Amino acid sequence: METKVLQFNFDGILGLAFKAMAVNGVTPPFIRAASLGLVDQPIFTVFLKRVGREENVYGGPITYGGLDDENCGRQVIYEPVTEPFFWKFKMKRVSTGTFSSRIGWQAASDTSTNLIAGPSTIVSSIAKGSWRKG
Numbered sequence: 313m314e315t316k317v318l319q320f321n322f323d324g325i326l327g328l329a330f331k332a333m334a335v336n337g338v339t340p341p342f343i344r345a346a347s348l349g350l351v352d353q354p355i356f357t358v359f360l361k362r363v364g365r366e367e368n369v370y371g372g373p374i375t376y377g378g379l380d381d382e383n384c385g386r387q388v389i390y391e392p393v394t395e396p397f398f399w400k401f402k403m404k405r406v407s408t409g410t411f412s413s414r415i416g417w418q419a420a421s422d423t424s425t426n427l428i429a430g431p432s433t434i435v436s437s438i439a440k441g442s443w444r445k446g
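Position 70 (the sequence shown) corresponds to 382 in the numbering used here; numbering is contiguous.
Since the hints were derived computationally from the structure, they do not count as laboratory data.
There could be a bad hint or two in this list.
[To be verified] Restraint ranges, calculated between C-beta atoms of paired labels, are given here:
hint: 1; residue 1: E395; residue 2: G349; range: 40 to 48 angstroms
hint: 2; residue 1: L350; residue 2: R386; range: 22 to 30 angstroms
hint: 3; residue 1: Y390; residue 2: L350; range: 20 to 28 angstroms
hint: 4; residue 1: G430; residue 2: G364; range: 21 to 29 angstroms
hint: 5; residue 1: G337; residue 2: I434; range: 32 to 40 angstroms
hint: 6; residue 1: L360; residue 2: R386; range: 14 to 22 angstroms
hint: 7; residue 1: Q387; residue 2: S424; range: 23 to 31 angstroms
hint: 8; residue 1: I389; residue 2: L350; range: 25 to 33 angstroms
hint: 9; residue 1: M333; residue 2: T408; range: 24 to 32 angstroms
hint: 10; residue 1: L350; residue 2: N383; range: 18 to 26 angstroms
hint: 11; residue 1: S421; residue 2: R386; range: 15 to 23 angstroms
[What the hints assert, rightly or not] Think about it this way: if two alpha-carbon atoms lie no more than 25 angstroms apart in a straight line, the pair counts; the simulated SDA-like pairs of lysine to any residue are:
hint: 12; residue 1: K400; residue 2: T357
hint: 13; residue 1: K404; residue 2: D422
hint: 14; residue 1: K402; residue 2: R386
hint: 15; residue 1: K404; residue 2: K440
hint: 16; residue 1: K331; residue 2: F397
hint: 17; residue 1: K440; residue 2: I355
hint: 18; residue 1: K331; residue 2: L350
hint: 19; residue 1: K331; residue 2: F401
hint: 20; residue 1: K440; residue 2: S413
hint: 21; residue 1: K402; residue 2: L350
hint: 22; residue 1: K440; residue 2: F401
hint: 23; residue 1: K402; residue 2: C384
hint: 24; residue 1: K400; residue 2: N368
For clarity, every value in this text was computed on a predicted model and none was experimentally measured.
Ideal placement from N, C-alpha and C gives every residue a C-beta, glycine not left out.
Use the sequences and the hints to build the structure in full.
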C-alpha cells in the first residue's frame, strides 16, 4: 500500500462501520446507499475464503444489499448487535475443528483485521482446534 494512502484514517472496508465509528461523523457509504434505496436490502454478506499463508490473493466476496447465495448456506440466523459502534454481538456457541464451547461471551466481527482476540484459554483452544497439518 502506498505511504500516501496510509496517512488517512479508515473506518472499515467501504464504510461498513457504524456512523458512531466513522471519521468526522460522516455517514458511511453503505448506510448512505441503503438510506437512498440503492441496494435491494440493508444487509451485506462477507464470505472469507481460506487461502492459507498466501499473500495478494482473492480472499472472498462481499455482497452488498443481499445474501451470498453462492458461498453461504440458506439458513440465516440473525443476532442483535449489542453495541452499535462495532459489529458486536452475544456469541452463544463457537466450534472449529476439535474445539467447541457454549460458554457465551461478547464477540465483534471486523472485516478490517484478521485478529482473533479474547480470553487466552479460548483463543488458544480455537487455534489448536483449527490447526490442520498438510
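Each hint, compared with the structure:
no., hint, in the structure
1, E395 x G349: 40 to 48 angstroms, "violated (27 angstroms)"
2, L350 x R386: 22 to 30 angstroms, "holds (26 angstroms)"
3, Y390 x L350: 20 to 28 angstroms, "holds (22 angstroms)"
4, G430 x G364: 21 to 29 angstroms, "holds (23 angstroms)"
5, G337 x I434: 32 to 40 angstroms, "holds (35 angstroms)"
6, L360 x R386: 14 to 22 angstroms, "holds (19 angstroms)"
7, Q387 x S424: 23 to 31 angstroms, "holds (27 angstroms)"
8, I389 x L350: 25 to 33 angstroms, "holds (26 angstroms)"
9, M333 x T408: 24 to 32 angstroms, "holds (28 angstroms)"
10, L350 x N383: 18 to 26 angstroms, "holds (23 angstroms)"
11, S421 x R386: 15 to 23 angstroms, "holds (20 angstroms)"
12, K400 x T357, "holds (16 angstroms)"
13, K404 x D422, "holds (18 angstroms)"
14, K402 x R386, "holds (22 angstroms)"
15, K404 x K440, "holds (20 angstroms)"
16, K331 x F397, "holds (8 angstroms)"
17, K440 x I355, "violated (33 angstroms)"
18, K331 x L350, "holds (18 angstroms)"
19, K331 x F401, "holds (17 angstroms)"
20, K440 x S413, "holds (13 angstroms)"
21, K402 x L350, "violated (30 angstroms)"
22, K440 x F401, "holds (24 angstroms)"
23, K402 x C384, "holds (21 angstroms)"
24, K400 x N368, "violated (28 angstroms)"
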